[in-house]
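Visitor: Residue numbers (my numbering), protein chains in the order written: chain A, 1 to 280; chain B, 1 to 337; chain C, 1 to 339.
These are computed hints drawn from the structure, not numbers from a lab. Mixed in with the good hints, there may be bad ones.
To be verified - Quick list of in silico lysine to any residue cross-link-like pairs, SDA-like style, CA-CA up to 25 Å: (1) Lys247/B x Ala146/C; (2) Lys271/C x His231/C; (3) Lys247/B x Ala148/C; (4) Lys247/B x His231/C; (5) Lys123/B x His231/C; (6) Lys123/B x Ala146/C; (7) Lys247/B x Ser61/C; (8) Lys247/B x Gly139/C; (9) Lys123/B x Leu104/B; (10) Lys167/C x Gly140/C; (11) Lys271/C x Ser61/C; (12) Lys123/B x Val17/A; (13) Lys167/C x Ala146/C.
Claimed, not checked - Stretch-level coverage of chain B by chain C, calculated; a stretch enters the list once three of its residues show a Cβ under 8 Å from a Cβ in chain C: (14) 251 to 258; (15) 269 to 282; (16) 326 to 333.
Unchecked claim - Here are some chain C residues pointing at chain B (derived, C-beta under 10 Å): (17) Gln31; (18) Ser111; (19) Gln130; (20) Arg137.
Even glycine gets a Cβ: it sits at the ideal position worked out from N, Cα and C.
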Amino acid sequence: MSASLVHARHMLSGNPVTALAFGLFALLVAAALVGPALVPFDPIAAAGPALQPPSARHWFGTDAVGRDVFSRVVVATRLDLGMAFAAVAIVFVIGTLTGAAAGFFGGWVDRVVGRIADTVMAFPLFVLAMGIVAAMGNTVANIVIATAVVNFPLYVRISRTEANTRRNAGYVEAARLSGYSEGRILLNEILPNLLPIMMVQVSLSLGYAILNCAGLSFIGLGVRPPTPEWGIMVAEGASYIVSGEWWIALFPGLALMLAVFTFNLLGDGLRDIVDPRRRT
Amino acid sequence: MLAVMARRMAAALPTLAGVVVVTFLLARALPGDPAAYFAGPAATREAVEQIRAALGLDRPLHEQFLLYLRDLARGDLGVSITTGQPVLHDILARLPASAELTLLGLLFAATVGITLGVLAALKPNGWLDNACRVVATLGVCLPAFFTGLLLIYVFYYLLGWAPAPLGRLDAFSSPPPYVTGFFLVDSLLAGDAETFVSAAQQIALPAIALGIFAVAPIARITRGSMLAVMGSDFIRAARAHGLSRRKVVVAYALRNALLPVVTTLGMVFSFLLGANVLVEKVFAWPGIGSYAVEALLVSDYAPVQGFVMTMGFLYVLLNLAIDLLYRVIDPRVEVAA
Amino acid sequence: MTDAAALAPAATARAAPPRVPVLDVAGLSVQFRTRSGTVHALDEVSLQVHRGECLGVVGESGSGKSVTAYAVMRLLDPAARITAGRITFGGMDILAASEREMADLRGRELSMIFQNPRAALNPIRQVGMQIADVLVRHGGVTRAEAPARAAALLAEVGIPDPVRRAKAYPFELSGGMCQRVGIALALACRPALLIADEPTTGLDVTTQAVIMDLVLGLARARGMATVLITHDLGLASEYCDRTAVMHAGHVVEAAPAADLFAAPRHPYTAKLIAATPQPGRALSDLAAIPGGLPDLRRGDLPACRFLDRCERAEPGCAVPPLPRHLSEDGRMVACRHPL
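Let the hints inform the model, and build the full structure from the sequences given.
Guide: Quick look at the structure:
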């Protein structure tokens, strides 16, 4: 373990972009954890006159009802990252397990799982997510579930391939000869070996998950005003763009981009560390 | 070729069936009691039961599925509470607007992405290559709705180049006579330059906002495959036979390099059709995406289900078209399959 | 055929008196800049090929045979740099020619056949179209005439049913057929010089002989100069008039093919012959050559790069310059202690 830490540090020192990604990641996590306690204004109460452009008092200006945009952007980090993390955590557990079982056992398990994944893939992903939220109810929890569902095929496909190539590996045969059951081999021998590659996938799909959740709340699903959330804040600022009040939509939009950018960079960096062959 | 098409279409049937099943399940999963919902808030208990029976919601699930199939076969997707029209009618009326926007967005993305990718690959590590890398990294972080707003602010508010983001035509133009439903095409067919210009001005920003999101993956894949192809034996051979640089790059390298790009078009379309919903909302574009969003906000579910199913069908058909296009470009597929 | 200036060297090449070489490579040095250092790929390589003559260039992988060929075609990798030497083709200075002049020369006067024939063809273009591309580019042939001419060329290289085969894609043809297409492409415009880079690699033994007979038969019939690049000394001795042996970027010996095979002077040539299977000798008699090629990235390469593998080596061999002894019988050997 310490050897791989040393290796990771070596990779970071040689790769300033990945180091930057880790820095931004720390910033985002800090904003999510302690941001609400540190912001200068109450994010859901008027803090000054409405529609003020950025100033020393209101760094990102104020919105249509006089709320401080900076405070709202920072406070929103927790909800946006939280939704994305939750969605990815769910699909990571379920998708990896299902995919690994499909790849390891093959046969009808593989066919059923493959058919389910294909059916999800038959829809444009964002559209399916909309349909799921519409059907199951307009709540934050359902946004998380919908985001997890549309990511499902991706996780299944990767973990299926990885498990399939390992089903007859030497250490698996050894475990079989020692009399372990197939299920136990899957849990003890196959899954731990899938973790590094799946972690890369987690990081890469966090960016997409953030975009997906924010997109859903942008069209008015899930999160209700006045809760601060980046997607809904961009939507609130949209009508003021045509009259020149750019700051209401711009700053939450930039925060959104920064978060997606961070996770994409992080994913690329992790992939270099875990699997140098796929470096681009 | 016809036999191949028939076989590929047959292979798409289970996927289409999957789309129908998912849409049915989504319809059954409506929050609360669909019958009470369809009856409206003022309905009496008897009225709700009546509607439940009329909708067949009191029967077992498999019978409901058969009823659902029967309605589907008749083209009955329910009635929109908001517009009072059958959902199928609404969707068909609005589909051309969405299709025109999506195709133009794809055209923009493909033109910019392929050009950028090719130029980057011809001079690896040149400034264009670096620009390409920045675009590929930043482009995928841009939410389409946010790009749209930025474009509106710059080109409408600051520069005044673009018209107000309010639909497909300005207030003074009327739609051209219906032929394809694409205003750009129909106005040209009618010889109406004024309407064409108006339609082009209206569609430019939303198409770009939609396309920018897809530029990044197309540019990245084009660059990678172009680099690989330019390093291959047959390109060196083509040069050794004295073919002009233009011929080598376009007819020999690019055509081969486009094969992986075509295979990723499916993913690109998934992005585009999804982002389409967001862009339509930003630009008040009267397509099926904004129709579904408006219905969703007032809990009018039949249009949303019709929308999801239409998109599913469209996407399956698009993937089929991409598959056939690939076969046209690459003669080898037939044998490998 | 619009560029009269580009025609000139060809005309001189054809009209040249017999003892002026068609291709003259003199003192050519090429380096590659790589991330792990500068590779000294070629060092003062000199070769001549005359009209109607076949020159064999023999050596193991990495000896610089293909680099020499690509330098002549001016198709070297962008990382390569020509640091010294001169390449003259039909009186024209190849290294001073513009990219445009080179493009006019390639395929018309200066042609090449590649190893791995299938990979050298565009996988998604009909082979007849690929030949037509070359004809239209150089031959003054219109797009409309091209298909018939392409089919005629396919017939000339012995492809049966050429009209139908012209519509085939490379994946539909056997390796031998692909190489015939490669030959048709290279000879389409009747070039003055043909470079054949391992033309029979990857083909089965019977096809190898057929392809070699085809290439050299056509070359002789047309009085072309031919360079045959191969790692197979036996092949070179069978088909070539003269043979040059390359080792680690040096030409270590050059001689008429029969003389070289009968009485090698460079120790490396002798070992190469001992390692070549011959009729009437048991396979167990084959001798392996000890060691490998030196690391060409080294800054302190010895004058003789064979030194570490040579039994006759002594300290003086490392000291530059590398001697290149020329004798009256037209032989050259680059060794302080030749056999």
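Visitor: Given the proposed pairing of lysine 123/B with valine 17/A, does the C-alpha separation stay at or below 25 Å?
Guide: holds, 23 Å
Visitor: Does glutamine 31/C meet its interface restraint, that is, does its C-beta lie within less than 10 Å of any C-beta in chain B?
Guide: With a closest approach of 20 Å, the glutamine 31/C hint is violated.
Visitor: Cut-off 8 Å, C-beta pairs, minimum 3 residues; does the coverage of the segment 326 to 333 of chain B by chain C stand?
Guide: holds (count 4)
Visitor: Tell me whether the statement that chain C covers the segment 251 to 258 of chain B is true, taking a Cβ distance below 8 Å and needing three residues at minimum.
Guide: holds (count 4)
Visitor: Against the 25 Å threshold, does the CA-CA distance of lysine 123/B and histidine 231/C hold or violate the hint?
Guide: violated, 34 Å
Visitor: Is the hinted pair lysine 271/C and serine 61/C satisfied, with a Cα-Cα distance of at most 25 Å?
Guide: This hinted pair holds, its Cα atoms lying about 16 Å apart.
Visitor: Hey, lysine 123/B versus alanine 146/C, does the alpha-carbon distance stay inside 25 Å?
Guide: violated, 33 Å
Visitor: Are the Cα positions of lysine 167/C and alanine 146/C separated by 25 Å at most?
Guide: holds, 13 Å
Visitor: So if I understand the rule, the pair passes when the alpha-carbon distance is 25 Å or less; does lysine 247/B with histidine 231/C pass?
Guide: Since the Cα atoms of lysine 247/B and histidine 231/C sit roughly 33 Å apart, the hinted pair is violated (cutoff 25 Å).
Visitor: Are the Cα positions of lysine 247/B and serine 61/C separated by 25 Å at most?
Guide: violated, 32 Å
Visitor: Do the alpha carbons of lysine 247/B and alanine 148/C lie within 25 Å of each other, as the hint requires?
Guide: With Cα atoms ~21 Å apart, lysine 247/B and alanine 148/C stay inside 25 Å; holds.
Visitor: Holds or violated: lysine 123/B and leucine 104/B, Cα atoms, limit 25 Å.
Guide: Violated, at roughly 29 Å.
Comparing the model with each numbered hint stated earlier shows that hints 4, 5, 6, 7, 9, 15, 17 do not hold.
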